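Q: Chains as they are written, first to last, in the working numbering: chain R, 10 to 562; chain B, 10 to 562.
These aren't lab readings, by the way, just hints derived from the structure by calculation.
Predicted model only: the values in this text are computed from it and were never measured.
All C-beta atoms, glycine included, are put in the ideal place defined by N, C-alpha and C.
Among the clues, some could well be false.
[Claimed, not checked] Cross-link-like lysine-lysine pairs, in silico, DSS-like; alpha carbons within 25 Å at most:
no., chain 1, residue 1, chain 2, residue 2
1, R, Lys33, R, Lys11
2, B, Lys33, R, Lys402
3, R, Lys561, R, Lys521
4, B, Lys33, R, Lys449
[Said to hold, decoys possible] Stretch-level coverage of chain R by chain B, calculated; a stretch enters the list once three of its residues show a Cβ under 8 Å from a Cβ in chain B:
no., region
5, 18–25
6, 399–413
7, 440–454
2 protein chains.
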Amino acid sequence: MKVIKGFQADLNVNYQLNVINLIKHAVRNYSRQEIVSRNLDGTLFRYTYSDAYKRMQRLANSLESIGIKVGDRIGVIAWNTCQHFEIYFGLPGMGAVMVSLNLRLAPQDLAYVINHSGIKYIIVDEDLIKVVESIIPLCKGLIGYIIITDKHLSEIETILKPIYLYEDLLSKALFNYDWPNLDENSVYAACYTTGTTGKPKGVYYSHRNVYLQALMFAAQFSMNVNDVIFQLVPMFHVLGWSKPLAAIYGGAKLIFAGNWNMNDLKELTNILVQEKVTVSAAVPAVFMAMLEIIRKMKQKPDLTGARLICGGSEPPIALMRGFWDETRAEIIHSYGSTETMAITTLNTLKPWLEKELSEEELWNLKKKQGIIVSGLDIKIIDKNGIELPHDGKSSGEILLKGPWVTENYFNDPQTEESFTESGYFRTGDAGYLDSEGYLKITDRLKDVIKSGGEWISSIDMENSLMSHSSVLEAAVVGIFHPKWDERPLALIVLREDFKFTTKEQIREHLSKSFAKWQIPDEILFVNKIPRTSVGKLDKKMIRIEYRELYTKN
Amino acid sequence: MKVIKGFQADLNVNYQLNVINLIKHAVRNYSRQEIVSRNLDGTLFRYTYSDAYKRMQRLANSLESIGIKVGDRIGVIAWNTCQHFEIYFGLPGMGAVMVSLNLRLAPQDLAYVINHSGIKYIIVDEDLIKVVESIIPLCKGLIGYIIITDKHLSEIETILKPIYLYEDLLSKALFNYDWPNLDENSVYAACYTTGTTGKPKGVYYSHRNVYLQALMFAAQFSMNVNDVIFQLVPMFHVLGWSKPLAAIYGGAKLIFAGNWNMNDLKELTNILVQEKVTVSAAVPAVFMAMLEIIRKMKQKPDLTGARLICGGSEPPIALMRGFWDETRAEIIHSYGSTETMAITTLNTLKPWLEKELSEEELWNLKKKQGIIVSGLDIKIIDKNGIELPHDGKSSGEILLKGPWVTENYFNDPQTEESFTESGYFRTGDAGYLDSEGYLKITDRLKDVIKSGGEWISSIDMENSLMSHSSVLEAAVVGIFHPKWDERPLALIVLREDFKFTTKEQIREHLSKSFAKWQIPDEILFVNKIPRTSVGKLDKKMIRIEYRELYTKN
Numbered sequence: 010m011k012v013i014k015g016f017q018a019d020l021n022v023n024y025q026l027n028v029i030n031l032i033k034h035a036v037r038n039y040s041r042q043e044i045v046s047r048n049l050d051g052t053l054f055r056y057t058y059s060d061a062y063k064r065m066q067r068l069a070n071s072l073e074s075i076g077i078k079v080g081d082r083i084g085v086i087a088w089n090t091c092q093h094f095e096i097y098f099g100l101p102g103m104g105a106v107m108v109s110l111n112l113r114l115a116p117q118d119l120a121y122v123i124n125h126s127g128i129k130y131i132i133v134d135e136d137l138i139k140v141v142e143s144i145i146p147l148c149k150g151l152i153g154y155i156i157i158t159d160k161h162l163s164e165i166e167t168i169l170k171p172i173y174l175y176e177d178l179l180s181k182a183l184f185n186y187d188w189p190n191l192d193e194n195s196v197y198a199a200c201y202t203t204g205t206t207g208k209p210k211g212v213y214y215s216h217r218n219v220y221l222q223a224l225m226f227a228a229q230f231s232m233n234v235n236d237v238i239f240q241l242v243p244m245f246h247v248l249g250w251s252k253p254l255a256a257i258y259g260g261a262k263l264i265f266a267g268n269w270n271m272n273d274l275k276e277l278t279n280i281l282v283q284e285k286v287t288v289s290a291a292v293p294a295v296f297m298a299m300l301e302i303i304r305k306m307k308q309k310p311d312l313t314g315a316r317l318i319c320g321g322s323e324p325p326i327a328l329m330r331g332f333w334d335e336t337r338a339e340i341i342h343s344y345g346s347t348e349t350m351a352i353t354t355l356n357t358l359k360p361w362l363e364k365e366l367s368e369e370e371l372w373n374l375k376k377k378q379g380i381i382v383s384g385l386d387i388k389i390i391d392k393n394g395i396e397l398p399h400d401g402k403s404s405g406e407i408l409l410k411g412p413w414v415t416e417n418y419f420n421d422p423q424t425e426e427s428f429t430e431s432g433y434f435r436t437g438d439a440g441y442l443d444s445e446g447y448l449k450i451t452d453r454l455k456d457v458i459k460s461g462g463e464w465i466s467s468i469d470m471e472n473s474l475m476s477h478s479s480v481l482e483a484a485v486v487g488i489f490h491p492k493w494d495e496r497p498l499a500l501i502v503l504r505e506d507f508k509f510t511t512k513e514q515i516r517e518h519l520s521k522s523f524a525k526w527q528i529p530d531e532i533l534f535v536n537k538i539p540r541t542s543v544g545k546l547d548k549k550m551i552r553i554e555y556r557e558l559y560t561k562n
Numbered sequence: 010m011k012v013i014k015g016f017q018a019d020l021n022v023n024y025q026l027n028v029i030n031l032i033k034h035a036v037r038n039y040s041r042q043e044i045v046s047r048n049l050d051g052t053l054f055r056y057t058y059s060d061a062y063k064r065m066q067r068l069a070n071s072l073e074s075i076g077i078k079v080g081d082r083i084g085v086i087a088w089n090t091c092q093h094f095e096i097y098f099g100l101p102g103m104g105a106v107m108v109s110l111n112l113r114l115a116p117q118d119l120a121y122v123i124n125h126s127g128i129k130y131i132i133v134d135e136d137l138i139k140v141v142e143s144i145i146p147l148c149k150g151l152i153g154y155i156i157i158t159d160k161h162l163s164e165i166e167t168i169l170k171p172i173y174l175y176e177d178l179l180s181k182a183l184f185n186y187d188w189p190n191l192d193e194n195s196v197y198a199a200c201y202t203t204g205t206t207g208k209p210k211g212v213y214y215s216h217r218n219v220y221l222q223a224l225m226f227a228a229q230f231s232m233n234v235n236d237v238i239f240q241l242v243p244m245f246h247v248l249g250w251s252k253p254l255a256a257i258y259g260g261a262k263l264i265f266a267g268n269w270n271m272n273d274l275k276e277l278t279n280i281l282v283q284e285k286v287t288v289s290a291a292v293p294a295v296f297m298a299m300l301e302i303i304r305k306m307k308q309k310p311d312l313t314g315a316r317l318i319c320g321g322s323e324p325p326i327a328l329m330r331g332f333w334d335e336t337r338a339e340i341i342h343s344y345g346s347t348e349t350m351a352i353t354t355l356n357t358l359k360p361w362l363e364k365e366l367s368e369e370e371l372w373n374l375k376k377k378q379g380i381i382v383s384g385l386d387i388k389i390i391d392k393n394g395i396e397l398p399h400d401g402k403s404s405g406e407i408l409l410k411g412p413w414v415t416e417n418y419f420n421d422p423q424t425e426e427s428f429t430e431s432g433y434f435r436t437g438d439a440g441y442l443d444s445e446g447y448l449k450i451t452d453r454l455k456d457v458i459k460s461g462g463e464w465i466s467s468i469d470m471e472n473s474l475m476s477h478s479s480v481l482e483a484a485v486v487g488i489f490h491p492k493w494d495e496r497p498l499a500l501i502v503l504r505e506d507f508k509f510t511t512k513e514q515i516r517e518h519l520s521k522s523f524a525k526w527q528i529p530d531e532i533l534f535v536n537k538i539p540r541t542s543v544g545k546l547d548k549k550m551i552r553i554e555y556r557e558l559y560t561k562n
């Protein structure tokens, strides 16, 4: 779309929207605000915005001291810690690019990302050194490593060299740093997104993109100095869903969950309650498990006012209701991707809908992806590229554009199929918008099941399964069928206390919402459903595993 | 400050931060949100974001139909009405510049603004036609007038020509408009600021400036769809202190107060209560009068959760306490100017200060100008231009810079004295910052009183006077004195029920905070204190009126 120049007075065109200004202003205003970081041994480390800022400046000086320059790409493989938070500002603040490396990627994919982005140094948590060692032979451009650890140099066993210790560097560095006035279009960070096919694709966020996303998120979610943000989402996923940046804009208290997995959820739930968390985010499986833990607590925690952002997939009503009934915390669904810097919708209610709708209708509304945040353009298009009305039923592909949505993959031919000529990102999701502005995803375009020429929505069916009180997790995929081309298969993980549930009960439940021909031929109860490195259902893997299920019979 | 370019990936550099996107997204998300406008007869007109947006599009088509083009400057002289709100978007949205004209300016100043900005058309409320007629002979560039009225063309008596009627134009226009994709640095609006000396100075706001200010304001003030914003501040003053723009970003309900003066405050206070207003803004005198009205109400209104922004000068503690005790509304002090697009500070409390400080200390804190909003750079400099520490005592001139702070006056040699080379705005106010980031103004640099080589702060003394329970308004100025060079004079308006107060009581009150030599030689009780067209104390006028007070004796 052509840009039209209006009257030009040029009275303020030079102020740069860079992340340095975000952190400088946050520290000026909220120097005493607390930051908490969970150590490997489960203890909590506490310091303040002001303390962190001094270390960010030392970090910037350190990076310069080992020869890192404006424009250099530096990889980071780290858990959710205060050091990772310091790196979020100290590294891009001195003008380098923070390439967030997903520690769960296969070595060849990780090596591809490192080589594609031209990383020179890697900053790595000590217990993740093995991940880096595994890709050394594949990455010739690497010239050094910075290890985050409390140990002495002599205690570190590794083939990596040369190595520097994060704390050593900081202790030797000056604590005052003269930040450069970075052009707002300079790259702040890069995140690579791994699709189900092809090589990882590079999404590069500029300082301006990040600044505007933080501002939008703080505004649309009313995040401020009274909030306590619990950073559960890995900080290598889309900048931790942008929460640390929005949090500092608002001056909120931050808690970093450290190195955690599903086995740590009891401990993390205790932190959630004890630190009086008001904002967190995770995929439904995490909150489902937390809810189970809370249900078993003798004293019900009061989380009134807490807003828990649930992303990755639609939260079941049982989850939202459960949290509300048990704790008064609100689960808020959000939808996004690496290309859109996570937050593109937030499912918040409007005062008039709260008056007009019944309780049941409100819960159903809350399952939708929510309102497209201000700042983003959206188009729903049909197969011919024609824009569809926002009528609450016309479903088509969802296209997004906005001040922080990428319009290209960096140096990648996959750009062509994923972006329109006018710079819209093709999400690959199908859905519709209603007249109130709520988005509803109806399917992943590539996940749709085609049975005898008719479509079956795998997402609708998963959501229906998840709404059954016995179901903890569910996946529905299309499996090759000699007669019908594809037929659905459902995999289900049952909740601990509901192992007695039968396939017939599940079929009955589905038949309330689906036609008989749409019900899966096979329903399998499993202990675990395969997931990708970022926690999404790994449907490619499921399809491979069960590819002969409907041909063998 | 030199701009440093970091790594460039150019994955999103084209999305324009223009006000068209603000309103488009607001209407997409909150089409049913209500807008209320107070008619001349006191009745309330109600419609929705969606209704307003259709009229904005009709307006844009109308303006094109009479020959207005991208880049043209169009003057607006209007009260706080829904039409004025429509103009805020329809006019700059089609690429023209909205020049906000202060209807209280003297004709020669108004003519200067019109000629300096190159205005072609003026949009004017019918009852303000006389204001425009008075400057016609001085403004040769004007080619047409649009009258906002419900009347027919034949009923309008005026020497203006050609004239168009706002409603006629809209009713003939198409309701769909294809907004241009305006470059974000295009000028959105111009406001001229009138100092105590010199010609009015032009501050031109770009679309980007306005977009970012709206976003910041919504974020820092947590304005959202649940809020009800009462627009009291004239919309020709710094875009109504930017509230209408922040309001639509958040999707809030808007109420426009129409054509009002201090005599209408009883009616407006009723609207405040009945419409459950949560956000408003005004100078202290307005809220003081409202408080008096509320005190006399039989049933105390419950305004819990309301945040009333008080600007122009420091709110007395009695005002803040009074509102809190009577209604549970919070008065929040803010500081700003035309050059900074109004909001540069907001006096919000931090959770740790609420724990640590006594009630008395918290009230005193709330009198300060507040926390510099995120996004703004601030410098406090001494006479030699050296930056002072943020130690809560080192007072110097306050300099500001940021994404929406102007760095020049448009085509004006007065730029040189008001802006530094690096683009900081010299506020002309003296003050200090504390380590918590709260700003305290100690004086207007030009208002300081120099008595026998020593300084007396007129602002401190006014604040002290205002804290006396009998005082409604107060002004302190320096008057020429043959021996001491200058001596202070205090003018006081007493509150209705406190007319018995004596000068001696006032002197006694002042002596608690001031040295004997600082107490004004003369204290005069008056019915009214002269104010400028924007409602500030007109100290120039007071000095002229009393210039011989201390020489005659």
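Q: Now tell me if each hint is right for this structure.
A: Results of checking the hints against the structure:
1. R:Lys33 - R:Lys11: violated (36 Å)
2. B:Lys33 - R:Lys402: holds (21 Å)
3. R:Lys561 - R:Lys521: Violated - the C-alpha atoms of Lys521 (chain R) and Lys561 (chain R) are around 30 Å apart, more than 25 Å.
4. B:Lys33 - R:Lys449: Holds, because 20 Å separates the two Cα atoms, which is no more than 25 Å.
5. 18–25: That given contact holds, which follows from 8 residues of the region 18–25 of chain R lying within Cβ reach (below 8 Å) of chain B.
6. 399–413: holds (count 5)
7. 440–454: Held - the region 440–454 of chain R has 3 residues with a Cβ nearer than 8 Å to chain B, which meets the minimum of three.
Violation of the numbered hints given earlier is confined to hints 1, 3; the remaining hints are satisfied by the structure.
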